[in-house]
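Count the sequence shown with our numbering and you get residues 636 to 861, in order.
The set of hints was computed from the structure by calculation and includes no laboratory data. Bear in mind that the values here come from a model prediction, so they are computed numbers and not experimental data. Do not take every clue at face value.
Stated by the list, open to error - Pairs of lysine to any residue, SDA-like flavour, derived with a Cα cap of 25 Å:
{"#": "1", "residue 1": "K761", "residue 2": "Q719"}
{"#": "2", "residue 1": "K839", "residue 2": "S855"}
{"#": "3", "residue 1": "K736", "residue 2": "C758"}
{"#": "4", "residue 1": "K736", "residue 2": "Y808"}
{"#": "5", "residue 1": "K703", "residue 2": "T693"}
To be verified - Have a look at the derived ranges for each label pair, beta carbon to beta carbon:
{"#": "6", "residue 1": "P831", "residue 2": "R696", "range": "38 to 48 Å"}
{"#": "7", "residue 1": "E726", "residue 2": "L858", "range": "24 to 34 Å"}
{"#": "8", "residue 1": "I727", "residue 2": "E686", "range": "15 to 25 Å"}
{"#": "9", "residue 1": "L858", "residue 2": "T685", "range": "50 to 60 Å"}
In this text, a Cβ means the ideal position worked out from N, Cα and C, and glycines have one as well.
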Amino acid sequence: MALEIVLKLENNTYLKDPQGSEIGKKIIKSSILLISELGYEHFTFKKLATEINSTEATIYRYFENKHKILVYIMELYWSYIHFQVLMAIREINDSRKKIEKIIDLLVWEDNQDVSFGGYDQACLYKICITEGSKAFLSKEVEAMNQQKLFEPYKELVEMIAGVFSEYKPNFKYPRSLASSLVELSHLQYYFMHHLPRLTDLKEKTPKSLEAYLEHLVFGSLELNRK
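Use the sequences and the hints to build the structure in full.
The following block contains the structure:
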């Protein structure tokens with residue numbers, strides 16, 4: 636039986652909480668579909684307004700610009716993965732198995748165990764792979780950080796770093812390795828499907844990517860392990 640969860644974000648990504656109305660929810664769901672289909676560069680409020688049969692003015696009541704929508708979508712995704720990881724590892728005692736499970740969830744293509752707010756999960760994952768870094772690779776990153784817009788991402792990284800420290804308490808770089816793991820799980824997936832000369836993952840399968848990430852993580856953690 637599938638579990639359905641609803642995540643509510645309370646931050647400065649929006650002017651009006653989209654979860655508080657049907658049109659707001661429609662804005663998010665349709666934004667996910669359009670960004671996945673068109674790409675972030677070609678996504679506009681005009682196209683979104685047409686998709687939801689509304690006006691650009693309505694969208695502007697919820698979001699200042701399309702970058703804030705992208706950040707909101709990514710925070711939903713990061714919160715969702717954080718929840719999945721938390722639930723998956725809470726009854727696992729072996730820290731190595733926890734890490735393996737984390738990697739399995741980060742390399743996520745078609746996980747239907749949890750219904751996530753009615754959003755298209757495949758489209759969310761595609762956005763994460765192709766557009767996710769644009770959420771924070773921005774000239775406004777310092778101001779956005781002061782507004783605590785990246786808290787779900789930080790919480791995910793900190794949780795993973797905590798598991799790394801549990802596995803190897805004297806490891807010096809748990810957060811650096813955790814953030815690298817999250818980003819590499821996306822970047823190497825993109826490379827193996829679109830720029831294959833930049834990766835050794837010729838099979839183009841989730842399992843081959845997981846194997847590489849496990850090699851990278853445990854190779855780092857087990858250097859001079861005590």
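Structure-based check of all given hints:
Distance hint between K761 and Q719 is fulfilled; the C-alpha atoms sit about 18 Å from each other, no more than 25 Å. Restraint check for K839 and S855: satisfied, since their Cα atoms lie roughly 24 Å apart, inside the 25 Å limit. With a CA separation close to 22 Å, the supplied pair K736 and C758 stays within the 25 Å bound. For the hint linking K736 to Y808, the alpha-carbon distance of about 20 Å falls within 25 Å, and the restraint holds.
At most 25 Å may separate the alpha-carbon atoms for a hinted pair to count; K703 and T693 meet this at roughly 15 Å. At about 44 Å, the beta-carbon gap between P831 and R696 stays in the expected band of 38 to 48 Å. The beta-carbon spacing between E726 and L858, approximately 29 Å, falls within the hinted interval of 24 to 34 Å. Range check, I727 to E686: Cβ separation about 42 Å, and the 15 to 25 Å hint is violated.
Take L858 and T685: their Cβ atoms lie about 54 Å apart, and the range 50 to 60 Å holds.
The structure fails to meet hint 8 from the earlier list, while all remaining hints are met.
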